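**Student:** Given next are the chains, with one letter for each unit.
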Amino acid sequence: DQQVKQNSPSLSVQEGRISILNCDYTNSMFDYFLWYKKYPAEGPTFLISISSIKDKNEDGRFTVFLNKSAKHLSLHIVPSQPGDSAVYFCAARYSQGAQKLVFGQGTRLTINP
Amino acid sequence: KAGVTQTPRYLIKTRGQQVTLSCSPISGHRSVSWYQQTPGQGLQFLFEYFSETQRNKGNFPGRFSGRQFSNSRSEMNVSTLELGDSALYLCASSLGAGVSYEQYFGPGTRLTVT
Chain L
619 DQQVKQNSPS LSVQEGRISI LNCDYTNSMF DYFLWYKKYP AEGPTFLISI SSIKDKNEDG
679 RFTVFLNKSA KHLSLHIVPS QPGDSAVYFC AARYSQGAQK LVFGQGTRLT INP
Chain C
60 KAGVTQTPRY LIKTRGQQVT LSCSPISGHR SVSWYQQTPG QGLQFLFEYF SETQRNKGNF
120 PGRFSGRQFS NSRSEMNVST LELGDSALYL CASSLGAGVS YEQYFGPGTR LTVT
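Residue numbers (the working numbering), protein chains in the order written: chain L, 619 to 731; chain C, 60 to 173.
Quick caveat, the hints were computed from the structure, so don't treat them as lab data.
Because the structure is a prediction, the values reported are computed rather than measured.
Glycine included, every Cβ here is placed at the ideal spot set by N, Cα and C.
Check the hints yourself; a few may be wrong.
As the list claims (entries may be wrong) - Distance condition first, Cα-Cα at most 25 Å in a straight line; then the derived SDA-like pairs of lysine to any residue:
(1) L:Lys623 x C:Tyr163
(2) L:Lys623 x L:Met647
(3) C:Lys116 x L:Phe664
(4) L:Lys686 x C:Val158
(5) L:Lys623 x C:Leu147
(6) L:Lys674 x C:Ser159
(7) L:Lys672 x C:Leu154
(8) L:Lys674 x L:Glu633
(9) L:Lys686 x C:Glu161
(10) C:Lys116 x L:Met647
(11) L:Lys674 x C:Ala156
(12) L:Lys689 x L:Asp642
(13) L:Lys623 x C:Leu70
(14) L:Lys672 x C:Tyr163
(15) L:Lys674 x C:Pro166
(16) L:Lys689 x C:Ser159
(17) L:Lys623 x C:Pro166
(18) L:Lys672 x L:Asp649
(19) L:Lys674 x C:Glu161
(20) L:Lys656 x C:Gly157
What the hints assert, rightly or not - Where chain C lies over chain L, by a calculated footprint (3+ residues, C-beta under 8 Å):
(21) 639-648
(22) 669-683
Unchecked claim - One side only, chain L facing chain C, incomplete, derived with CB under 8 Å:
(23) Lys623
(24) Arg635
(25) Leu652
(26) Phe707
(27) Ser713
(28) Gln717
(29) Leu719
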């Protein structure tokens with residue numbers, strides 16, 4: 619049962635344009651969402667998070683939007699840079715689960731010069 | 060501040076053997092979680108420790124176990140290794156155990172079972 623889904627295995631975007639990565643979830647108990655970036659042979663790196671009481675959180679070039687009614691969140695990267703090429707994971711957790719993260723399958727983002 | 064460190068980085072074992080992986084969290088972090096990453100199943104939660112107590116456990120067989128020491132360092136053990144245990148094992152640490160604390164991951168230990 620895939621509680622967190624990233625339906626696009628890959629995404630290709632031109633440098634300077636906006637990258638939009640999407641994530642859907644099924645468990646309404648989730649109340650905290652995170653995005654991680656992963657390079658090969660490294661562990662995931664925390665990017666940005668959002669609490670379920672908010673609908674938007676911004677940090678520099680990264681913005682996460684949360685639509686609770688649709689159980690959907692998205693990560694916007696603008697402008698996209700070549701160094702953003704990596705696998706992006708969406709993750710979720712709920713209060714009773716404490717630190718347990720439920721991950722999506724990941725989206726491989728490629729930024730083309 | 061040093062990041063999360065995991066040792067060893069690479070390991071090759073034979074079916075039936077057991078293995079112990081080690082994780083040192085970021086200084087001051089008291090919560091340690093373990094994840095398994097495989098191509099087929101993605102990143103899956105194994106267990107979480109806080110102040111030497113297991114707080115949460117994922118859906119893995121009893122062959123997978125862990126512990127945390129008083130200095131917050133953690134180890135995980137897999138006994139009677141199977142081919143399907145080949146994976147990248149990731150450790151993550153966080154300052155506290157609450158839901159709003161971000162987790163910071165180590166580079167992982169790549170385990171190959173032959």
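**Student:** If a hint holds in the structure, say so; if it does not, say that too.
**Tutor:** Outcome of the hint check:
no.: 1; hint: L:Lys623 x C:Tyr163; in the structure: holds, 22 Å
no.: 2; hint: L:Lys623 x L:Met647; in the structure: holds, 15 Å
no.: 3; hint: C:Lys116 x L:Phe664; in the structure: holds, 22 Å
no.: 4; hint: L:Lys686 x C:Val158; in the structure: holds, 18 Å
no.: 5; hint: L:Lys623 x C:Leu147; in the structure: holds, 21 Å
no.: 6; hint: L:Lys674 x C:Ser159; in the structure: holds, 16 Å
no.: 7; hint: L:Lys672 x C:Leu154; in the structure: holds, 23 Å
no.: 8; hint: L:Lys674 x L:Glu633; in the structure: holds, 24 Å
no.: 9; hint: L:Lys686 x C:Glu161; in the structure: holds, 21 Å
no.: 10; hint: C:Lys116 x L:Met647; in the structure: holds, 18 Å
no.: 11; hint: L:Lys674 x C:Ala156; in the structure: holds, 24 Å
no.: 12; hint: L:Lys689 x L:Asp642; in the structure: holds, 6 Å
no.: 13; hint: L:Lys623 x C:Leu70; in the structure: violated, 31 Å
no.: 14; hint: L:Lys672 x C:Tyr163; in the structure: holds, 23 Å
no.: 15; hint: L:Lys674 x C:Pro166; in the structure: violated, 30 Å
no.: 16; hint: L:Lys689 x C:Ser159; in the structure: holds, 19 Å
no.: 17; hint: L:Lys623 x C:Pro166; in the structure: holds, 24 Å
no.: 18; hint: L:Lys672 x L:Asp649; in the structure: holds, 10 Å
no.: 19; hint: L:Lys674 x C:Glu161; in the structure: holds, 17 Å
no.: 20; hint: L:Lys656 x C:Gly157; in the structure: holds, 24 Å
no.: 21; hint: 639-648; in the structure: violated (count 0)
no.: 22; hint: 669-683; in the structure: violated (count 1)
no.: 23; hint: Lys623; in the structure: violated, 11 Å
no.: 24; hint: Arg635; in the structure: violated, 28 Å
no.: 25; hint: Leu652; in the structure: holds, 7 Å
no.: 26; hint: Phe707; in the structure: holds, 7 Å
no.: 27; hint: Ser713; in the structure: holds, 5 Å
no.: 28; hint: Gln717; in the structure: holds, 5 Å
no.: 29; hint: Leu719; in the structure: holds, 6 Å
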